[in-house]
Each structure stands twice: as C-alpha cells, then as structure tokens.
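*Asks:* Chain residues, written in single-letter form:
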Amino acid sequence: MSDTSQTSSWSYASAPENTDHIVLKEQYDLFINGEFIKPDSKKYFKSINPATGEVIASISEANKKDVDLAVASARKAFTSWSKIEPKERAKYIFRIARMIQERAKEFAIIESIDGGKPIRESRDVDIPLAASHFFYYAGWADKLEYAFPNKNPKPLGVAGQIIPWNFPLLMAAWKIAPAIACGNTVVLKPAETTSLTALKLAEVIQESGLPKGVVNIVTGAGKTGSEIVNHPDLDKIAFTGSTQVGKLIQNSIVGTQKKSTLELGGKGANIIFEDAAIDQAVEGIINAIFFNQGHVCCAGSRLFVQESVAEIVIDKLKDRMSSLIVGDPLDKNTDIGAINSKEQLDTINKYIKVGREEGGEIYQPTCNLPSNGNWCPPTLFLNVSQSHTIVQEEIFGPVLAIQTFRTIDEVIEKANNTPFGLSAGVWTEKGAKIFKLTQELNAGVVWANTYNKFDSTSPFGGYKESGFGREGGLHGLIAYLNVE
Amino acid sequence: MSFPDLSKIPAIDKLGVEERVSRFCKRSIKNAAKKHGLHLALSMIDLTTLEGKDTEEKVKRLCYKAGHLHGSLEGLPNVAAVCVYPNFVRVAKKELEGSGINVASVSTAFPSGQSTLEVKLSDTKFAVEEGADEVDMVISRGKFLSGEYNFVYDEIATVKEVCGKAHLKVILETGELDTLDNVRKASDIAMYAGADFIKTSTGKISPASTMPVTFVMLNAIKDYYKATGIKIGMKPAGGISTAKIALQYLVMLKETLGNDWMNKDLFRFGASSLANDVLMQLEKQESGIYQSVDYFSKD
Chain A
0 MSDTSQTSSW SYASAPENTD HIVLKEQYDL FINGEFIKPD SKKYFKSINP ATGEVIASIS
60 EANKKDVDLA VASARKAFTS WSKIEPKERA KYIFRIARMI QERAKEFAII ESIDGGKPIR
120 ESRDVDIPLA ASHFFYYAGW ADKLEYAFPN KNPKPLGVAG QIIPWNFPLL MAAWKIAPAI
180 ACGNTVVLKP AETTSLTALK LAEVIQESGL PKGVVNIVTG AGKTGSEIVN HPDLDKIAFT
240 GSTQVGKLIQ NSIVGTQKKS TLELGGKGAN IIFEDAAIDQ AVEGIINAIF FNQGHVCCAG
300 SRLFVQESVA EIVIDKLKDR MSSLIVGDPL DKNTDIGAIN SKEQLDTINK YIKVGREEGG
360 EIYQPTCNLP SNGNWCPPTL FLNVSQSHTI VQEEIFGPVL AIQTFRTIDE VIEKANNTPF
420 GLSAGVWTEK GAKIFKLTQE LNAGVVWANT YNKFDSTSPF GGYKESGFGR EGGLHGLIAY
480 LNVE
Chain B
0 MSFPDLSKIP AIDKLGVEER VSRFCKRSIK NAAKKHGLHL ALSMIDLTTL EGKDTEEKVK
60 RLCYKAGHLH GSLEGLPNVA AVCVYPNFVR VAKKELEGSG INVASVSTAF PSGQSTLEVK
120 LSDTKFAVEE GADEVDMVIS RGKFLSGEYN FVYDEIATVK EVCGKAHLKV ILETGELDTL
180 DNVRKASDIA MYAGADFIKT STGKISPAST MPVTFVMLNA IKDYYKATGI KIGMKPAGGI
240 STAKIALQYL VMLKETLGND WMNKDLFRFG ASSLANDVLM QLEKQESGIY QSVDYFSKD
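Taken in order, these protein sequences are the chains called A and B.
Letter by letter, the first sequence follows residues 0 to 483 of numbering that gives the first Met the number 0.
Letter by letter, the second sequence follows residues 0 to 298 of numbering that gives the first Met the number 0.
Same shape as in the complex, but just chain A:
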C-alpha cells in the first residue's frame, strides 16, 4: 500500500445496489379479480431496462375483453367494498402501506431497473412517498363524514385509472389509495414502459387479502388505455400524463356520466430574485429541473433570473452541473439516471436540436455517458425568449431554458404567459415578495425557497392545460366521492 494522498485526484468507486435478492418473473399476466390471469389477447410486450437496453420481462397486453373482465370484476366487488365498515377498509389499506415499507428496498431497486431513475431517488423519494400515501388515505377511510360534514359522502363506483411512467409506483399509490379509501373499486393501467412495480404492488395487494376485484391492474399501451377510457361501465376516469392525451380523454368522455380528474403537463417557472440566497437557489434550480432526469410534470423547466444576478447565477449553475454524476441508476452515487425510453430520448433530442436551430446557446457539461442505453447530459439553454419553442413546450427531460427579467411585474407576466399552470418556484429572502407571487402566479403549486417537495397531506394539481382536480390531502378525497 503506497501513500496515494498526494498523488491523484479523489473519485468515488462504483457503489451499485445489490440486486441478487430481486425476484422477477419472466412473464407477467394481468391482475384481475385477485388473480394473475393470461390475457385474452395472448400478446405480450417487452419491458426494457433503459440503462442497458436489456429485456427485463414480458408484460401482457390487455385487449377489450380483458378490460371488460377487469371492469366487471371491479363492478362486482364495488357492491360489497362500498358497504363494508369503513374502518375495515382502512385496515386493508394500512396493511398495504406497511407491506410496501417492508419491501421498500425491493420496490426501489425494481423501480430503478425498469424506469432508469437513480436508486437514491427511488429509495428516498418514490417508495417512501408511495407508502405514505396509503397510510394517509387509510386514515381517512372511516372519517369521511368528518371531512365533509352534512354532505353525506358516497363513493362514485368503479374508477378507470391511467398513470404515467415517470413515478410508476408513486402514481399508482396516488390513484389507488384515495379511491379505495372512499369505497370505490379500480381498474388501473400503468404505463407500458414501467409496469413492473405496479405488478409487484398487485402481488402485495394479493398477499394483503384485499377483497378480490377491488383493485385490478391491466397492462398495455395506448390502445388498452383507450378501452378503459371508453368503457361504458366506469363512473370515473383519473388520468396523469401528457396534455395531448388528456385532451383526447376529455373528448371521449364528453356526454357520459363519467367524472374525471386530469393531471397533465407543465412548464414550471422558477424565479430567482437578486435578494435570494443565491447558492441555495442554484441548488434548488438543479433539483427543480434535473430531479428524475426532468421527467417531472412540475419540473422547473423555465428559469427566470433577475438581470443583476444573472451572470453569477448562470456561472454557478454551470459549475454545479459539472459536478452531477450521470450514469448507472443502481449506483448509490448517481445523481442523474437513464432517460426512460428510446422514444422519450428522441423527443428530448428533437427539442435540443430545435433549441439550437432557433438560436439558443446550449451548455452541457462533459460527462462520460455509458455506451448502451438512453442517456442525456444535463442541459441548459441561454439566449432564449418566450417565443422560443423550448420555452413554450414541455420537453420532459433534463433541459432548462433560462431567461432574465428586470421587474417583478415583468416576471409575473412571463411566468403566467404559458398554456400550462401546474407549478412555480420563487426564490427570495423577502416574505412580502413571496406572498405577492403566490397570489399572482397561476399555478397549482408554488414553492418558496425550495422546489419539488411532495407530501401526502398536501393537494397537487394544475390550472389551465395542466389539468383539473387535486390529488393528495383532503382535496384528493373529493375526486372520489359524491357529496350532496
């Protein structure tokens, strides 16, 4: 052993999470009426590890008959589930929450293998929040009369729920927990690139003894989703995903009895004033846009910096970007993982190309990206304005568009000048300024001196083309209840 302390620069050795204990089936069937059954379609598609390109498992593609069966089993289960003692409902949901906690490590590792997100995030954010959501809504199950006094709250019936690929287990929790706590039954479809943790959740649900048919999980792509949306025997459609698909869904259910909540895209404005705590604001910008590779509907993808501090903020941002570790999602030191799918990587690269062509000044730090899999380095664009495509459209990747501003009114106008209205961030040490902006920004959530903080007790949802309805908190119950 020689003295290395003075000779070479220090770098972290690889620290991959051990995956030996992970048990995955080669082929996954549909979870209908409490059993795993083969799809009527007899078709399977492959789930790919986005970090390596390797096939992880085959997933069933549900067709119309499969969806019919799932809805019928949910309908049958609704009769008894909606009538059992609410505190009994709560027990089942508490049990599911505890089982997720017990198997947290397994869920986290599968989430990272299947979706490409860094293990640090699936371990510290996705899975704990998913468990927390079940705990939180379990608590409400027998207290709905107190949540809505004299309103005689009643469940809606059967809910069709379609969720995205960016937070697979967490979104399943956001959908299932409040629905079944209120006495509804559900047919849930995970996104086709990330079905595995939902199917693992199906195993947990099966083990928990939840009455058959209360939760049904059918897998497949857009076609399966459309069978759910257009199914005549559903009382509610809950969707989280792109604004484009959200609009299609809304068109499909017009004139039906179906209620809906849509949580769609965003183009969050993150606003830094000259009186902000600059170093912490820079860290906040990094978390706002590069969290989960930017695959976050509320990502702070538009940055507004006050002109007097623009130079220093941009300089510090570039500096910080160069210290981010991009690579193996299972490595405990990875900050930015793999892009979820080849298709999404193509979309992001298309926007980066458009950004350049429209005259944006691009900055990407040098990173050693792995040769296989889908990767995009953290990226920022300078010299862009409200008229640039990459400022207007949701990219859903690690790409930040930076603009400067001079006055508070100017930045409010620009921040609101978007079809979206999901999220915003404000960075200033002045309390009065925070209150002014929270009043005037049209966004479902406004964070002050922080960003991308989630809590089961707090409602989340958008304005304008970012959708309607709220998930989380007391507000999240209304979406699954009829109140007088």
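Careful, some of the hints might be misleading.
Among the chain A residues that face chain B by a calculated CB cut under 8 Å, a handful are [claimed, not checked]:
#: 1; residue: S8
#: 2; residue: W9
#: 3; residue: D278
#: 4; residue: Q279
It is worth saying that the hints were derived from the structure and are not from the lab.
A quick note: this is a predicted structure, and the numbers were derived from the prediction, not measured.
By construction, the Cβ of each residue, glycine as well, lies at the ideal position given by its N, Cα and C atoms.
Starting from the known structure of chain A, arrange chain B on it as the hints suggest.
*Replies:* Relative to chain A, chain B alone:
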C-alpha cells in the same frame, strides 16, 4: 486587500444548506475510494493539544505520534501539522525537525480573543519567532456581533503583517456567531483581510465545526476565488472524531471546491482523536476485521 463590500454578500438559507449537506452524507464511499479518502484525511490532520494541563512531555509524545502514526500499516502519510500553544512551539519544532510536519501555534489570546491588540500582536510575534510555521488566530467575536466589522478586519490584517512567512489561519468561532449569515460575513472579512485559511472553531465552544457551517465557508472560499483568483484554505476543527465524518467532509470539499482543494495545503482537519479512528478503518480495510482500540497508541 481591501474591506469587502458587505452589501454584495449573498444571504444564506439554512434549510437549503442542511438539505445540500444531507446529500453529501449519502454518498457511498467504498473500497479504493475509501482507502484513498482515509489516507487523504490522515495527511490533512492538524494533530492538536490545547489544554491548560499541557506539558513539554505531552507535546513531545504528540510530536512522536505525528511522525509514527501506526507501525503495522505501510505507506501511511504523516499528519500535516501539530497544533500547540505558543509556549510549546519551540519544543514541538525541535521534535519535528526534518519530518516535514509543520508546527502550528494558536495565538491572539486564544481561545476567547479578549485582550488588547498589543497583547495579541506580541503573542503572535512570539509564536512566529519560536518557529511556528502556521498561526491560528481568533477573531474578536464580541466586536463582530456588535457590528464593528472594520475593527475585526483591521485586527486580522495587522496580525497577518506580524505573521511574516507563517501561514495565517483565522478562527471564526462559528459556535458563537449564531447564524449562517454571520458565518458567511465573517468568512469574507477574514479572507479579504489576508487569511490564508479560514477555520471554524477553537474546540472550546460547543457546537464546534458542523457540516452546514463548513459548507457555507467553502462557498465563501469559492466566491472569493472567483473574484480574486486566490485559493484560501479551509480548516474545520472540533467535533470531527470519526473516519466516517471525515469522509463526509471530504465529499463536501470535493463537490464544492473540487480536486484542487483536496490536499493539506488547502484543507485541514483540526482534531485530536480523529487519527486513531482513521487508522482503525484502514486496518479494517487491510485485514477485513476491526481491531481492538488497544492496538492504536494514544499520545
């Protein structure tokens, strides 16, 4: 050197700092990286004894330890310096002759700094004349808290003059400064007044060094470097007693200031018991098993 523009000093958000620090603590340092990190940590230690009951014999033993950390491990670096009161500088200097290990002396009425400038200067002058390679001074926290920033600045600048070739470390005693905003302000004043190093604590006040405080100081060093091109060193002191904590500090250093700062010329740990814990971890890396504390000498 000129007095810093205090209006340009950025505000510090405590929660944001703590959140960032918790990220550093989650880094996983294994195998070769761990060994390398532990060697680095050893090489950055200012082995310290600052007690009323210190004697020449005690200082001699500490100096011997500094040059002979652990016989059974080969290729170990020496610690960076031995840190003592001014009256022990001569004996430490003699013991460490030819070892490459520096002698650091506290001064300026350490630890409280409650004395006249005259006394502080003669204290420093004595330490330097006795052969101190490095001087660890304390700032006047009372003056700082009452807003007399120019007084604090002038005092540091004057001590710096007396130091001559000796390196000046300026102890902010952050445990008495109350807020991270004050830590940042004091860091800037010290650097602009001529500090070669800024240091958190005397070790006599609780809390001594913490990661949030050190992080704020590292950011101040970074901004100063951007503004002037001058690299200032950092010395967290007190409270860093285990190898695990030392590695977390090194992660923070690497991710904030980069590899340029990852050496004893620009980073030190002020610690008395850290070395043995690092040695225990290194032994464990080599042999695969933890050894009894009795195998590591306590001097």
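*Asks:* Closer than 8 Å between Cβ atoms is the bar; does A/D278 clear it against chain B? Give me holds or violated.
*Replies:* 5 Å, holds
*Asks:* Hint check: is the beta carbon of A/Q279 less than 8 Å from a beta carbon of chain B?
*Replies:* 3 Å, holds
*Asks:* Restraint: A/W9 near chain B, CB-CB cut 8 Å. Satisfied or not?
*Replies:* Holds, about 5 Å.
*Asks:* Hint check: is the beta carbon of A/S8 less than 8 Å from a beta carbon of chain B?
*Replies:* 4 Å, holds
Of the numbered hints stated above, none is contradicted by the structure.
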